[in-house]
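Sequences listed follow chains A and B, in order.
Note that my numbering numbers the first sequence so that position 267 is 267, with each residue one more than the last.
Numbers given in my numbering equal positions in the second sequence, counted from 1, plus 1000.
Honestly, I wouldn't trust all of these hints.
Covered by chain B, per the in silico footprint, the following chain A stretches (three or more residues, Cβ under 8 Å) [what the hints assert, rightly or not]:
id : region
1  : 22 to 30
2  : 64 to 78
3  : 159 to 167
4  : 171 to 179
5  : 187 to 197
6  : 541 to 550
Don't read these hints as lab results, they were simulated from the structure.
Glycine is no exception: its CB is placed at the ideal position from the N, C-alpha and C atoms.
Read off the chains here:
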Amino acid sequence: MNNWIAMIWLVPCYSLVGAVLSLIWSPSITRRTGPRPAGYLNIGMTFLAWVHSLVALWAVWGKPSQFLSFTWFAVADLDFTFDIEISALTIGAMVVITGINLLAQIYAVGYMEMDWGWARFYALLAFFEAGMCALVLCDSLFFSYVILELLTLGTYLLVGMWYNQPLVVTGARDAFLTKRVGDLFLLMGVVGLFPLTGTWNFHLLADWANSATPNSIAITLVLLGLIAGPMGKCAQFPLHLWLDEAMEGPLPSTILRNGVVVATGAWVLVKLYPLLQLSELVQKITIGVGAATALGAVLIAIGQTDVKRALSYLVSAYMGLIFIAVGTGTIESAYLLMLSNALGAGVLTMAVGSIISNNITQDLTLLGGLWSRRPISGLSFLIGMAGLVALPPFCGFWALSSLFNYLQQTDRYGLAILILVVNALIAFSLMRVFGLIWGDRPKQMTERSAEPLWLIVLPMTILAGIVLHTPQLLTVMGVINWSELVNSAAIILSTIIGISAGSYVYLNQQIAKPILLPNRSIQEFFTYDFYTPQLYKFTIVGLVDIFSRAMYWFDRFFIDGVGNLFGVVTLLSGESLKYSTFGQFQAYILTIVFGIGLLIILVFSNQF
Amino acid sequence: MLSALIWLPAIGALITGLVPIKSAKVSAVIVTTIVLILDILLLGQFNLGESNFQFQENLPWLDNLGLNYTLGIDGLSLPLVVLNGLITWLVLCFDREIEERPRLFYVLGLLIHSGVSGAFLSLNTLLFVIFYEIELIPLYLIIAIWGGRKKNYAAIKFLIFTAISGILILAGFLALAWLAPDGLPLFDYNALRLVSLPLQTQVILLLLLLCGFGIKAPFVPFHTWLPDTYVESATPIVMLLGGVVAKLGTYGLFRFCVGLFPDAWSLLAPWLALWAGLGILYGAITAIAQKDIKRMVAYSSIGHMSYILLAAAATTPLSLIGGIAQMVSHGLILALLFDLVGIIEKKVGTRELDVLNGLLNPLRGFPTISALLILGGMASAGIPGMVGFIAEFLVFQGSFSKFPIPTLLAILGTGLTAVYFVILLNRTCFGKLDNNTAYYPKVFRTEQIPALVLTSIVIFLGIQPQWLIRWSETASVQIADRLPAITIVSKTLQK
Chain A
1 MNNWIAMIWL VPCYSLVGAV LSLIWSPSIT RRTGPRPAGY LNIGMTFLAW
51 VHSLVALWAV WGKPSQFLSF TWFAVADLDF TFDIEISALT IGAMVVITGI
101 NLLAQIYAVG YMEMDWGWAR FYALLAFFEA GMCALVLCDS LFFSYVILEL
151 LTLGTYLLVG MWYNQPLVVT GARDAFLTKR VGDLFLLMGV VGLFPLTGTW
201 NFHLLADWAN SATPNSIAIT LVLLGLIAGP MGKCAQFPLH LWLDEAMEGP
251 LPSTILRNGV VVATGAWVLV KLYPLLQLSE LVQKITIGVG AATALGAVLI
301 AIGQTDVKRA LSYLVSAYMG LIFIAVGTGT IESAYLLMLS NALGAGVLTM
351 AVGSIISNNI TQDLTLLGGL WSRRPISGLS FLIGMAGLVA LPPFCGFWAL
401 SSLFNYLQQT DRYGLAILIL VVNALIAFSL MRVFGLIWGD RPKQMTERSA
451 EPLWLIVLPM TILAGIVLHT PQLLTVMGVI NWSELVNSAA IILSTIIGIS
501 AGSYVYLNQQ IAKPILLPNR SIQEFFTYDF YTPQLYKFTI VGLVDIFSRA
551 MYWFDRFFID GVGNLFGVVT LLSGESLKYS TFGQFQAYIL TIVFGIGLLI
601 ILVFSNQF
Chain B
1001 MLSALIWLPA IGALITGLVP IKSAKVSAVI VTTIVLILDI LLLGQFNLGE
1051 SNFQFQENLP WLDNLGLNYT LGIDGLSLPL VVLNGLITWL VLCFDREIEE
1101 RPRLFYVLGL LIHSGVSGAF LSLNTLLFVI FYEIELIPLY LIIAIWGGRK
1151 KNYAAIKFLI FTAISGILIL AGFLALAWLA PDGLPLFDYN ALRLVSLPLQ
1201 TQVILLLLLL CGFGIKAPFV PFHTWLPDTY VESATPIVML LGGVVAKLGT
1251 YGLFRFCVGL FPDAWSLLAP WLALWAGLGI LYGAITAIAQ KDIKRMVAYS
1301 SIGHMSYILL AAAATTPLSL IGGIAQMVSH GLILALLFDL VGIIEKKVGT
1351 RELDVLNGLL NPLRGFPTIS ALLILGGMAS AGIPGMVGFI AEFLVFQGSF
1401 SKFPIPTLLA ILGTGLTAVY FVILLNRTCF GKLDNNTAYY PKVFRTEQIP
1451 ALVLTSIVIF LGIQPQWLIR WSETASVQIA DRLPAITIVS KTLQK
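The following block holds chain B by itself, in its conformation from the complex (with noise of 0.2 Å):
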C-alpha cells in the first residue's frame, strides 16, 4: 500500500514522459487521482488507537550498510500524506498557467509527489534522506524552467540552501548511526528510538539535525531562500512548495528531533520556545512592510511554520496534535492563497499593493476570487470557523502551561498576521475599481475549482475538526509521553 504510494507517481512520471505530449495531462490526472484514492483508502483503513507504525513494509537493500527499505505510517505522517496527495491532485488537475514544454511539468511534478510521499513514509534515516534530496533535482528544475524574472537566482539559492540542510541532515544520522552501540551502523528508525546517547552528543546532533530542518521549513534566520523562491516561482509549483515541500523540514522536526533526542530536546525546549516566538512576530513584521502580495503571503509562511516549532517546543500532547494540525492546515490555506494571488496576478497582470484595488466589483473585478480571498487570509489571521483557529488555539493551549510568555508573544503574532492580511484585502479586494484600466480577462470556472475545493475543506475542517486531529492523537500521546518533564513551568500560573 505505502510503497504504492511513492512508486506509482514514480511510474506515471515515466508513462507521462513517454505518452504523446498531448495525453500527457491525461496520464498525469489519472496518476494523481489513483493516488489521492489511494489517500483516501488509507485513511479509511487507519487504525486511530494503534501507536506503533502502521501498513510496514520491510525489504532488506543494503543490509551491510543498515540501508534498508522500511516504511510506515502513523498519526504524524498520514494527515501530511494525505495533503501531499490533495495539494498535487490540485496543482496537476486544474493548472491552466503552464503552457509550455507541459509534460515535462507533469513528469516532475510527479516526481516531486513521489519523493515527498517517500520522505514521510520511510522510517530508516538514510532512506529518508535519500528521498529528501531526490525530491530536490525535479524542484529545482521546476522553478528554474516555469519561474518568473528572477528565476535562476531563485532556483540556485533554493537548491543550495536545500542541499545544506540536506547535508546537514546527512551528517546528524550518519553520526548516529555509528555512534550506536552495536557497531554497525544502525538507520532503522524503530531501533534509533530505544537507543540512548550521551545529553552531550545528543545536543550536539540535534543541533545538527535543528539547522537542517529549520532552513527547510524555514525558520527565521534560515529563512533567506524562502521569499525569493516563492515569489518566483510560478503558482502551481509555489502551492507545492509552501503547502507540502516545506512541511518535510516541519515533519523532521516531530520526527527525528522531538523523536530521537528527546533529553536534549527537553532540554533545548525553552530556547525553542522563545526562538518560535520570536520567529512568529518576525515574520509578522516583516510580512507588513511587503508591497507585493505574493511576497507578502510568502512572508506570512515563515511566521506561521514558528508556531508548529512553539508546538514542538513544548510537546504536550495538546500542542503536538496543533503542530500537526498546523502543518496541514498552513499547508491548506498557504496553497489557497498562492493559488489565488496566481490568479490576480495573471488576470490583472500585477502583484503591487499600490495598484490593485476594488477586485470585488461584481461586474468588472473578481468577485469570487475576492471573497475567497478574504475568507482565506482571515482563516490565516486564525479567524474561528476555520481550520487555522483550531490548530492555532491547540498550539496556544498546549503550550501557554510550559511557556507562557513564547505563547502570548505567538498570539500577538496572530494579531500582526491579520494587520498585513487587513492590509492587503483593503488594498486588493476593496475601493473603487479604475473604470479606465479595468478590463481584465474572466476568471474560468475551471480555474477557481481548487480553491473553491481548498476553502471548502478549509471551512469543514473549521466547523468539524474531529476529522483533522483525530489521526494524530494517539501519535501525539506517544512522542510527548516519550519525553522527560520539563521542568521549566511557569511559577505564576501555578495555582
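Next comes chain A alone, as it looks inside the complex (with noise of 0.2 Å):
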C-alpha cells in the first residue's frame, strides 16, 4: 500500500506521458488511423492516474502528512528541490483533477465526435491535468509559480485551439496575456521573496512568518506581486476578462477549465495564507478584490446572452468567494467552495454542453422549452446548481455557511452581507439561465430536441450523482457538521429568495423576455462586463501601441539618424574637402608657410 504513496509522483507522469504519445497522431504526421487514438489513449492515462490516486487516498487517509523533495539542481547558494506534500487533501485533490478530467475526456469524444484536432486537445487535456496535479503535490511556491506559468500557455493553446475562427484567436491571446501579467507579478514576488526568507517551501515560509518581522513595505510589496498570480489565474478584477472570452475554446475543455483550472489560482493563495498575515493591507485588498469580483461578476452574469459566458462569470463570482474566505482567514471553507465549484461547476458546464451540442446555439435568447425534450440535461443542471449555491445538505451549502457563520463571528457583517447577496444573485442567475433554456415555450431552435449520445449524457449524470453523494461523502470524511445546520436559517433563507425570485421571473410564461431594465445604459454597463474590455483597449493595449510606434520612430529616426548622419557628414566632408586639392602651387606653399608659422607660434609661446 505504501508503494502507491511512494510513488505518488507518478500521476502527473501518467498524463503526461500520453500528452507527448498523443502527438504521434496529429494530421501531419499520422493520417491512416485517424485522430481517435490518442483520445483513446488519453483516457485510459487519466483512469490509471484516477485509480492511482484513488487507492493512495485510501492509503493516506488519516495519516500525518508525508514530505518528499526531488533535487532539481543546485547552483550557487540557490537550491531548487521539487518539494512535494502528500497528504489526504492534496490527494485528495488529485482524485478530484483527475476525475473530473476522466468524465470531461469521455465527454468530449462524444462532443467533438467530428473533430480533426483530436491529437491537439487530448494531448492539452492531459498537459492541463498533469500540470494540476503536480501543483496540488507541489509544496514550494517556486514550482507552484512555475506550473502556473506552464498552465498559462497550456491556456493559450487550449483555448486557440479552433484557430481557424477569429474569436478564438483573439479569447486565446487574451486568456495568455492577462493571466502572464498576473504571472509576472508572481514571478517578482517569487524573486522578490526568496532574499527575504531564504526558501520557497511552503511549510518553511509558513515558520518563518510566524517568526519573522520584516520590514512591512517591503513585504507587503513582494504579497501584493504573489497575489496577483492568483488573480489572474482565478478570472479576479481587474483580470477577469480572460475568463469569458477562453469560451471560445471547446467546450469540453471548458468543463476542465471552470471546474478546476480556474482554482489553482485558488489553491496556490491557500498556500500563501500564511504569509498574507503579515501584511494587514495586503489581507484587506485580498478581501476587496474577491468581494468587488464576487458583486460585480456575479451582476455581469445576469446580464449575458451567451450561456458560456454566463457561467463562466458566475465562475469568476466563486473564486471571489474563495479570496474573501483566504483573506479572512476560513481555510476550510476556501477549501469546501474550491470542491463545490469544482463539482457544481463541471456538472453546469456538462448540462449546457448537452444543449449547446445538438441545439447548435450557445445563445440564451434562442433557446427555450426544453423541459419536456431534455429533462435528464434539465435535472443535471439543477443538481449542478444545488451544488453551488448554499442549498442544504450540498456541498456549496457547507461552504458558503461556514464561512458566513465565521464572518459573523468575527464581526465583519459587512461581508457576510455581501455572502447573502451573492449567494442569492448566483441562485437567481443560475435560474435565469434555467428558465431561459428550460422554461417557457420552445422556441425555432429548440422545435427538435433530443438528449445526445450516451457518451455526452453519461458522465454528465455521473458527475451529477457526485453531487448529490457529497453530503455522504462530507459526513463520511468527518469534514461537516449537521448541527451547524440549525444557524444557517439566513443564508437558506437568501438562496430560496435568489431561487424563487429567478423562478418567478424566468419561470414565469407572463412575463415577456429578454427583460429589459427601464434603464438601457444600467443593462448594458454589465452585459459589456464593465466596459472592461474598451477600458483596456483605451488604456494599457492603446499606451503600449502608441508607445512602441513612438519607440519605434525614435530608433529609425533618432538613432539609427545619429549613425547615418555621421555617414553623411564624412562622406559630405570629404567631397568638399576634395575640392581644396585644386592644384595651385602658390596655395599650397601658402598653406604650409601658414601652418609652419603656426607651429612656430605654438612651440616658443610655451617658452615665454
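Got two chains here, each in a separate frame; can you build the complex from them with the hints?
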C-alpha cells in the first residue's frame, strides 16, 4: 500500500506521457488511423492516474502528511528542490482533478466526434491534468509559479485550438496576456521573497512568517506581487476578462477550466495564507478584490445572453468568494468552496454543453422550452445549481454557511451580508439560465431536440450523481457538522429568495423576455462587462501600441539617424575637401608657410 | 586541443576552397563534424572544479611586442565555444538556402568559425583583437554576397560599426598594455588581472571597452546596425550572427570589462544595471511595433542581450551563471527563431505579419514548423520548461538583491516579450489559411533538422539545466569574488 504513496509522483507523469504520445496522432504525422487513438490513449492514462490517486487516498487517509523532495538542480547558494506534500488533502484534490478530467475526456469523445484536432486537444487536456496534479502535490512556491506559468501557456494553446475562428484567436491572446500579467507579478513576488526568507518551501515559509518581522513595505510589495498570480488565474477583477473570452475554446475544455483550472489560483492563494498574515493591507486587498469580483461578476453574469459566458462569470464570482475566505482566514471554507465549484461548475457546464451540442446555439435568447425534451440535462443543471449555491445538504451549502458563520463570528457583518447577496444572486442567475433554456415554450431553434449521445449524457449524470452524494461523502470524511444546520437560516433564506425570484421571473410565461431594465445604460453596463475590454483597449493596450510606435520611430529616425548623420557628414566633408586640392602651387606654399608659422608660435609660446 | 579548434576549421576552409565545387559541402560537413566532436570531447575532459584556465597553450610569438599565442579555456568560454561549434555545424550541414557560389559560402563559414573560436580562446588581449577583427572580413563578405535586397547597405553598416568597436577595444587594450607598471607592453590576460590601476584610469578604459563590446553585443543605443544586418542577411548567416558572433560582445563584457577592471566596474554597476533595464524595455517595446517577423525577432535580440548586461552588472555568482546561461540560451533560441522565420519566408514568400496567416493548418500549412515556432517564441518569452526561463530566472534572482528596480524592469521586459511573440504567433500560425493562395511548397525533413535539434536542446536544457550551468559555476564564483562589494543595496529589502 505504501508503494502507492511513495510513487505518487507518477500520477502527473501518466497524463504527461499520454500528452506526449498523442502527438503521434497529429494529422500531419499520422493520417491512416485518424486522430481518435490519441483520445482513447489519454482516457486510459487518466483512468490510471485516477485509480492510482484513489488507492493512494485510501492508503494515506488519516495519516499525517509526508514530505518528499527531489533536487532539480543546485547552483551557487540556491537549491531548486521539488518538494512534495502527500496528505489526504492533496491526494484528494488529485482524485477530483483526475476524476473530472476523466469525465470531461469521455464527454469530449461525444462532443467533438467530428473534430480532427483530437490529438492536440487531448494532449492539452492531459497537459493540464499533469500540471494541476503536480501543482496540488507541490509544496514549493517556485514550482507553483512554474506550473501556473505552464498552465497559462496551456490555456493559450487550448483556447486557440480552433484557430480558424478569429474570435478564438483573440480569446487565446487575451487569455494568455491577462494571465501572464498575473504570472509576472507572481514572478516578481517569487524573486523578491527569496532574499527575505531564503526558502520557497511553503511549510518553511509558514514557519518563517510566524517568527519573522520583516520590513513592512518590502513584504507588502512582495505579497501584492504574490497575490496577483492567483488573481489572474482565478479571473478576479481587474484581470477577469480572459475567462469569458476563453469560452471561445472547445466546450469539454471549459468543463475542466471552469471546474478546476481556475481553482489552481485559489489553491496557491490558500498556500500563501500564512504569509498573507504578515500584512494587514494585503489581506484587506485580497478581501476587497474578492468582494468586488463576487458581486460584480455575478451581476455581469445576469446580463449575459451567451450561456457559456454567463456560467464563466459565475465562476469568477465564486472564486471571489474564495478570495474573501482566504483573506479573512477561513481556509476550510476555501477548500470546500473549491470542491463545490469543481463539482457544481463541472455539472453545469456539461449540462449546458449537452444542449449546445445538438441545438447548435449558445445564445440564451434563442433557446427555451426544453424541459419536456431534455429532462436529463435539465435535472443535471438543477443538481449542479444545488451543488453550487447554499442549498442544504449539498457541498456548496456547507462551504457558504461555514464562511458566513465565520464572518458573523468575527464581526464582519458587511462581508457576511455580501455573502448572502452574492449567494442569492448566483441562485437567481442560475435560475435565469435554467428558465431561459428549459422554461417557457420551445422556439425555432429548440423545436426538435433530443438528449445527445450517451458519451455526453453518461459523464454528465455521473458527475451529477457525485454532487448528490457529497453530503454522505463529507459526513464520512468528517468534514461537516450537521448541527450547523440550525444557525444557517439566513443563508438558506437567501438561496430560497434567489431561486424563487429567478423562478418567478424566468419560469413565468406572463413576463416577456428578454427582460429589459428601465434604464438601458445600466443593463448594458453589465452586459458589456463594465466596458472593461474597451477600457483596456483605450488605456493599456492603446498606450503600449502608441508608445511602441513612437519608440520605433525614435529608433529609426533618431538613433539610427545619428549613425547615418555621421556617415553623411563624412561623405560630404570628403566631397567638399576634395576641392581643396585644386593644384595651384602658390596656394600650397601659402598653406605650408601658414602651418609652419602656427607651429612656431605654438612651440615658442610655451617658453615665454 | 584548443589550437585544433581554431586551426582545423581554418585548414578546412583552405581545403574546401581547393576541392571541386561538388565536394565542397562534403568537406565542410566533415570539418564541422570533427570540430563538433572535439567540442564534445572538450566538455567531457573539462575539469569542473578547476578555477584556472584549462588546456592552456603558450607559444612565444612576438615577445617584444607582448603578442604571444596564449590560449586557455574556462567556464565562461567553454559553453560559448561549444555553442559556436553546434550552430556552425547546423548551419553548414543542413543549409539548403545557399544555391549560388556554395563553395565560397562554406569557406567563409569555416573562417568565421575559426575566428570566433580564436577570440573565445585567446588569453592575450592583442591576440583576441586579431581574431576579433579577422572574423569580420568573412562576415562582411558573407552578408554582402548572400543577403537580401539592401545587402550592401547592411554589410557596410555592419562593417563600419564593428570596425569602430574593434578600434575602441584595441585602443583600450593598448592603453592598458602601456599603463601596466613594468614598462614592457603587457597583453597577457593572466598578468593583466594582477595589475591594479588608479580608479580614474580604470573608469576611462572601462568606458572604452564598454562602448566597443556594447556595439558588438549590441546594447541600446549602439544597436542600429543590428536590425538592418539581421534582416538583410540570409537565414544561415543570421543564425551564425545572432546565435554566436554577437556573443563575442557579451563574452568580452564578462572577460575583459568585469575581469580586468573590477573596481571601476563595481563603481559603474548601478548605472549599468539601469542601462540594462532600460535596454530590455527598449528592445521589447520597439519589437512590438514591427510588421516584419524577421525584424521582430531581430529586435527581440536587442532586449535579450541586455539581460546579460544586467547579470554582469550585478556580478553575484548566481547572476553571472545566469548571464552565461543566457548567452547560450539566447544563442540557441535566436538561431531557432531565425531558422524558422527563414523557412517560412522561403516557402510562403513573405515576412509581412499582415499577410501571413494560419500556418498551423495541418494539411496545407506547416504544422511542424509552426509548432516549433510557438515553442521557440514561448522559450524566448521565458516560459518555464525551456532553457530561456532558467537563464532569465537566475539572472533575476541573482540581480534582484543588488538592483531591484532594474530587475523589475527586466521582468516587465519578459512580459512585453510575450506580447510581441503572441502577436507574431497569432498572426503567423493562427487564423484561417486562405484557400486560394495557400499552395506552398513542402517543407522537407532535412530542412526541419536544425530546428528540431535546436528545439530538443532548448527543451532538454530547460528540463535538465544542470547540464547548462555546471560548466560555468566555478568561473562565475571566481569572477564574483574578485569584485569589491557593491555598496548600494536596496534598503527596503533588508530584513
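For this session: Between the region 159 to 167 of chain A and chain B, see if three or more residues pass the 8 Å beta-carbon test, and mark the coverage as holds or violated.
Result: holds (count 5)
Problem set entry | Check of the region 187 to 197 of chain A against chain B for coverage (Cβ-Cβ below 8 Å, three residues minimum) | holds (count 7)
Exercise. Within the region 541 to 550 of chain A, is the number of residues with a Cβ closer than 8 Å to a Cβ of chain B three or more?
Worked result: holds (count 5)
Exercise. With a cut-off of 8 Å between beta carbons, are at least three residues of the region 171 to 179 of chain A near chain B?
Worked result: holds (count 4)
Problem set entry | Within 8 Å of chain B's CB atoms, at least three CB atoms from the region 22 to 30 of chain A: coverage verdict | Our answer is that it holds, as 3 residues pass the Cβ test (under 8 Å) against chain B, meeting three.
Exercise. Count the residues of the region 64 to 78 of chain A with a beta-carbon closer than 8 Å to any beta-carbon of chain B: does the count reach three?
Worked result: holds (count 6)
Hint violations for this structure: none, all hints satisfied.
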